[in-house]
Amino acid sequence: MSIPVYALYGEAEGGKLPAGVHAETISSRSSHLDWRIAPHRHSHLFQALLVAEGHAMATAEGRRIPLPAPALAWVPPLVVHAYDFAPGTVGTVVSVPANLLRSGLALAPAVLQRLGAFRSVVGDLPAEEWQEARFLCATLLRDYQTVAAGREASLCARAALLALWVHRRTNPRGEDGREDDTPSLVPIVRRFLDAVEGGFGTARSLADYAREAGVSASHLARACRSVTGRSPSRLVQDRRLIEAKRLLAYTALPVAQVAYRLGFEDAAYFSRFFKARVGASPLSFRRIADGTPQE
Numbered sequence: 001m002s003i004p005v006y007a008l009y010g011e012a013e014g015g016k017l018p019a020g021v022h023a024e025t026i027s028s029r030s031s032h033l034d035w036r037i038a039p040h041r042h043s044h045l046f047q048a049l050l051v052a053e054g055h056a057m058a059t060a061e062g063r064r065i066p067l068p069a070p071a072l073a074w075v076p077p078l079v080v081h082a083y084d085f086a087p088g089t090v091g092t093v094v095s096v097p098a099n100l101l102r103s104g105l106a107l108a109p110a111v112l113q114r115l116g117a118f119r120s121v122v123g124d125l126p127a128e129e130w131q132e133a134r135f136l137c138a139t140l141l142r143d144y145q146t147v148a149a150g151r152e153a154s155l156c157a158r159a160a161l162l163a164l165w166v167h168r169r170t171n172p173r174g175e176d177g178r179e180d181d182t183p184s185l186v187p188i189v190r191r192f193l194d195a196v197e198g199g200f201g202t203a204r205s206l207a208d209y210a211r212e213a214g215v216s217a218s219h220l221a222r223a224c225r226s227v228t229g230r231s232p233s234r235l236v237q238d239r240r241l242i243e244a245k246r247l248l249a250y251t252a253l254p255v256a257q258v259a260y261r262l263g264f265e266d267a268a269y270f271s272r273f274f275k276a277r278v279g280a281s282p283l284s285f286r287r288i289a290d291g292t293p294q295e
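Taking the UniProt record's numbering, I'd label the letters of the sequence shown as residues 1 to 295.
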C-alpha cells in the first residue's frame, strides 16, 4: 500500500492552501478522525507537534514513540509518520515549508541539516524550557489566526526559533536521529529537493537536477516515485505552485511577473497551469488571499 503525500493531513498538495507557515490545534483535525492520524508524509513541509496535555503515540518510519505531555515531535519532509492521540489531548501542530525554514535558519545551515531526521523531546526538561516551547506554539497559533502587519515575517521567525529549540534539546547522534534508519532512496530525493530550491525558477532539465543529486535521471525518477509517489517533474511543479501562491498572496507583482519569476515564458500558460492545479485563476486566488469580495 502506498503512503499518501499530503500538504496538510487529508488535504492534497496543490489545493487551496496558504503557502506559508500553518498552525492549528491538535483537536481541530484529529478530533474529527477518532483522534487518529494515519501514516502519511509531506514532500516540502517540516512539522512540529507539541503535546501540552494528554498523550500521543507517534509512529515514524516504523518506530513507535510515546509522547506523554509535555512532549514535542519534529518531523522533516518525506518521513512517514502517524499519531494516535488520547481523546481530549491538547496541543499545537506547526507546519513550515522547507524553503521558509531554510531562509529563517540562513545563519545556521548546519542546524537545518541536523533536523533532517525525526526527533522527539519528552518530559524531563526544566519547566521554563517547556514554557518557552508552549509560548512559541501559542504565538504561532495566534499570529496564524490574526491578520496583522508583518504576519508572515513573524510566523517565519517564530518557526525558526521553534526549530532551534528542538535542535538544542535533541542529540544529533541519538536514537531518534540516526540517519542510518532512513531508507536509502530518501537522501537522493532530499538532494533533489535541495536542488529544486535553487532552480525551480529556471529552465533546468531533469538531467540537470539528476546531476546535482548525484544519480542518473532514471534513478532519480525511480527514487522520487518510490518515496513520494510523484515524478521529479511533478515535484518541481509542486514547488513552483507553492512559490506562486506566496507571490500572489504576499506581493503586488503582476501575474505576468510572477509567471516569469517561476520560469514560465508564457503568462497565459502559467494561468492555465495554476487554475488546473488550484481550481482558481491567479487573480481569483489573490483576491481570496486578500479577503477581497469576489465579483
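Please note: incorrect hints may appear among the correct ones.
As the list claims (entries may be wrong) - Okay, the calculated beta carbon distance ranges per label pair:
(1) R102 x A256: 21 to 31 Å
(2) E152 x G201: 12 to 22 Å
(3) D208 x A276: 36 to 46 Å
(4) D266 x G198: 16 to 26 Å
(5) D194 x Y260: 21 to 31 Å
These aren't lab readings, by the way, just hints derived from the structure by calculation. Glycine included, every Cβ here is placed at the ideal spot set by N, Cα and C.
So, going through the hints one by one against the coordinates:
{"no.": "1", "hint": "R102 x A256: 21 to 31 Å", "result": "27 Å, holds"}
{"no.": "2", "hint": "E152 x G201: 12 to 22 Å", "result": "20 Å, holds"}
{"no.": "3", "hint": "D208 x A276: 36 to 46 Å", "result": "25 Å, violated"}
{"no.": "4", "hint": "D266 x G198: 16 to 26 Å", "result": "23 Å, holds"}
{"no.": "5", "hint": "D194 x Y260: 21 to 31 Å", "result": "24 Å, holds"}
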